[in-house]
Amino acid sequence: MKMMKTVLITVAGRVQGVFYRQTAKEKATELSIKGEVRNMPDETVQIIATGTKEQIEQLIEWCMQGPPKAIVQDVMVEEIPLQSFDKFNVVR
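So the sequence shown is numbered by our numbering: it starts at 1384 and just counts up by one.
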């Protein structure tokens, strides 16, 4: 059994209105990561992701680029207590 961990990823830049949440969900699902993604009032996108160290690293790498129209200026990652999710959801 691989060690699972949960991280809080905050992505800043032009990340709302560019399909960031939807493509983050597709990437997370492809990596078998569970969690959620939402737009925040300060125009950042917040992702809570639970997966293995390797899965999380691949997601963070994707977050630094994002979908084609996104302009990512900063990606902050913070490990938080383990959370379990059934799947990866877009929170509206």
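There could be a bad hint or two in this list.
[Stated by the list, open to error] Computed cross-link-like contacts, EDC-like style, restricted to lysine to aspartate or glutamate with a CA-CA straight-line distance of at most 20 Å:
#, residue 1, residue 2
1, LYS1470, GLU1437
2, LYS1470, GLU1426
3, LYS1436, ASP1469
4, LYS1470, ASP1425
5, LYS1452, ASP1425
6, LYS1388, ASP1425
7, LYS1385, ASP1425
8, LYS1452, ASP1469
9, LYS1388, ASP1469
10, LYS1436, GLU1409
11, LYS1470, GLU1409
Since the hints were derived computationally from the structure, they do not count as laboratory data. If you're wondering where the values come from, they're calculated on a predicted model, not measured in any experiment.
Hint check:
1. Distance check on the hinted pair: LYS1470 and GLU1437 sit about 18 Å apart at the alpha-carbon level, within 20 Å; holds.
2. With a CA separation close to 24 Å, the supplied pair LYS1470 and GLU1426 exceeds the 20 Å bound.
3. For the given pair, LYS1436 sits about 19 Å from ASP1469 by alpha-carbon distance, which is consistent with the 20 Å threshold.
4. For the given pair, LYS1470 sits about 26 Å from ASP1425 by alpha-carbon distance, which is inconsistent with the 20 Å threshold.
5. Only pairs whose Cα atoms come within 20 Å are accepted, and LYS1452 paired with ASP1425 is accepted, the gap being roughly 19 Å.
6. Simply put, LYS1388 and ASP1425 have alpha-carbon atoms about 26 Å apart, too far for the 20 Å limit, and the pair is violated.
7. A threshold of 20 Å between alpha carbons decides the hint, and for LYS1385 with ASP1425 the separation of about 35 Å lies outside it, so the pair is violated.
8. For the suggested pair LYS1452 and ASP1469, the alpha carbons sit about 29 Å apart, so the restraint of at most 20 Å is broken.
9. Annotation: proposed proximity of LYS1388 to ASP1469 holds, straight-line Cα distance about 15 Å (limit 20 Å).
10. About 19 Å separates the Cα atoms of LYS1436 and GLU1409, which keeps this hinted pair within 20 Å; it holds.
11. For the hint linking LYS1470 to GLU1409, the alpha-carbon distance of about 11 Å falls within 20 Å, and the restraint holds.
In this structure, the earlier hints numbered 2, 4, 6, 7 and 8 are contradicted, and the remaining ones agree with it.
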